[in-house]
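Below, each chain spelled out in residue letters.
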Amino acid sequence: MSIWEYANPRRFMAASGAVQPYVWGLAILLCATGLIWGFFFTPEDFRMGHSVKIIYIHVPSAFLAINAWFMMLVASLIWLIRRHHVSALAARAAAPIGLIMTAVALITGAIWGKPMWGTYWEWDPRLTSFLILFLFYLGYVALWSAIEQQDQAADLTSILCLVGTVFAVLSRYAAQFWNQGLHQGASLSLDAEENVADVFWIPLVITLAGFVFLFVALVLLRTRTEIRRRRLHAISLKERLA
Amino acid sequence: MEFEARSLTCRRGEATVLEGVAFRVRAGEALILRGPNGAGKTTLLRTLAGLTPAVAGEVTAPPEAMAYGAHADGLKAQLTVAENLAFWAAAFGTGAEALARAEAAFDLAPLRARRAADLSAGQKRRAALARLVLTGRPVWLLDEPTVSLDAGNTARFAAAVRTHLAAGGSALIATHIDLGLPETRVLDVARFAPTGRQAAGSDPFAEAVE
Amino acid sequence: MLALLQRDLRLALRAGGGFGLGLAFFLILATLVPLAVGPQPDRLAPIAPGILWLGALLACLLSLDRLWALDAEDGSLDLLATAPVPLEGAATVKALAHWITTGLPLAVIAAPLSLLLFLPGPALPWLALSLLLGTPALSWIGTFGAALTVGLKRGSLLLSLLVLPLYVPTLVFGAEVVRRGAEGLPVATPLALLAGITLGCIALLPFASAAALRVNLR
Amino acid sequence: MSWLGKYAFDILLAYGLTALLIGGLILQSVLAARAARRQLEERGE
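Chains as they are written, first to last, in this note's numbering: chain A, 1 to 242; chain B, 243 to 452; chain C, 453 to 670; chain D, 671 to 715.
Any given hint could be a false lead.
[Claimed, not checked] Heads up, incomplete: computed chain B residues facing chain C, CB under 10 Å, no partners named:
#1 G255
#2 E306
#3 G316
#4 Q320
Since the hints were derived computationally from the structure, they do not count as laboratory data.
We treat Cβ as the ideally placed atom computed from N, Cα and C, and that holds for glycine.
The shape of chain A in the complex, shown without the other chains (with noise of 0.2 Å):
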């Protein structure tokens, strides 16, 4: 039993709809552990006082974001390789939730900003980036939507997504290189392995995982309603032609 049997969409109905529960199930338990935890019972942060506490949404967001894409990316190549529908349909579902993800760490960065360093944006790389990625994300939601035939449509957002990837990679370095020089030591972004205390650091991981969970059991969900448009689709085309 290999897992490209899951690539069958009856067999991916199954299954997901067997699992889908404890996935969910699994999300909000370690989403609330994670957020009340970090949320009620973790001391202020000696710079940045009781603001740190956005800390447990920016980074879980900001960390999906990016590996949304990764897994759209992945989600395609197998497509674009094995021409399985269920793995295009899986890349359609997770985009839309990459584009929240990288809306609410953009929104949260930005909120955090203000107290942190005076200004609601700042052209740091690491925002700017995220400014690139979501406006990646918008085009490829918005060349899905545009197509009408369902498997030219998961070929273009395919080839588009690798095509976007590498120019996502190299906007990075260049949104890196271009700030550079405007000033040297903005790097206010906070990295979270590095500097941030263990009182901080369990509930994050905690609510890190809880995200990781969300995002699977949204990708479930949401592939599930893929397929079953797409089910539709076939029925409708065929009550078309006959």
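Model the placement of chains B, C and D on the given structure of chain A, informed by the hints.
For chains B, C and D alone, kept in the frame of chain A given last:
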């Protein structure tokens, strides 16, 4: 050129419109495609031309042997007839000799310096059909080639096809009129309408998903 | 391939081909910016590199939606796909023709136009050079975007949405070259990166364009 | 909410907007899933 299609399944967009298409065309023979609108004549020609991949089945001749004469004329309105033809001659690597033959076959010499935009529909059609001669390819795939041609030019076109066939070429022609060609057989495309049983293999969404 | 280039250039130059529209747009932009921002040289000079590069970028974008769409409409794209020219080659030639008719003239007139925006003198050669090196990337990326949206009825807005984010690295490095040139700083690094992006685009994007075209022709 | 200190507004704003966005996403996903399933059921599957 002789070739054969075996159990060919063709799609138009997302719909399977032809199933189990099988025919054989011998050198010097023209196969006339018949069938009501929407039966899949254009789809079959596009599949043979290599534009739309076949869902299943095989064709013994490669797309490189096919010269596709589409419904659309494919002329650039701002270019003259001579420029349009010279471009295709260059693209297919055929020389001045083919160019002269094409012009003669469709009586294009008087129109050479005219822009395609200034041609009548029938004149455009002639220029588009002349392109087939320029391809130098053995199999002509023609989609309603005589649309907007008058009687005289239809005869001229039939003569061009005859010349092509006499040189050992072959042709698939979707048309409703009788061109008076020597070796023709008729293929009724409607015979290959999909039965609805097949799709399951190629499209996993053809059956219920849960 | 040469014939295709010749044909596309000829079409661009004939009436209705749209050659010069991009240049006019560029000129209009260079006129409107001072009207919006104010005529003071000390205000215009610092933003001149960015405005000029942005103007060139938008001018390139302007003619993209017709790049494949015209061929698709009159049926010659189908015929081109059946011709013994690989689609990758056709994509390369199309991009090259687009560059010759938009990017190259933009690079030429950018230097005189930059006087309107008080771009400091030392930056002039860098402006021309950066546009010369960077606009091919814009054309090749644009050809890819146009190939993605060729099957769509109203694809031009979507085309901008898809292509503009892809333009980011080129814009960043291109404008950076000019900015550094204006300030008398060394320009080698951004110039090299810009050239690298252009080379990468020329080498790889035709494959993506051809793949997208094949999907759209299907 | 005074225990959140002088950043109370920012923190609540961040959490509020996040809840709105992610909540909206989840809600949309669930509604879309339900709609698709119902449509399929109407067609006898």
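Do the hints match the structure? See the list:
1. Restraint check, B:G255 versus chain C: the minimum CB separation of about 9 Å is within 10 Å; hint holds.
2. The beta carbon of B:E306 is positioned within 10 Å of a beta carbon in chain C (closest approach about 7 Å), and the interface hint is therefore held.
3. The interface hint given for B:G316 holds, since its Cβ lies 4 Å from the closest Cβ of chain C, which is under the 10 Å cut-off.
4. Checking B:Q320 against chain C by beta carbon gives a least distance of about 4 Å; that is within 10 Å, so the hint holds.
Consistency with the previously given hints is maintained throughout, with no hint failing.
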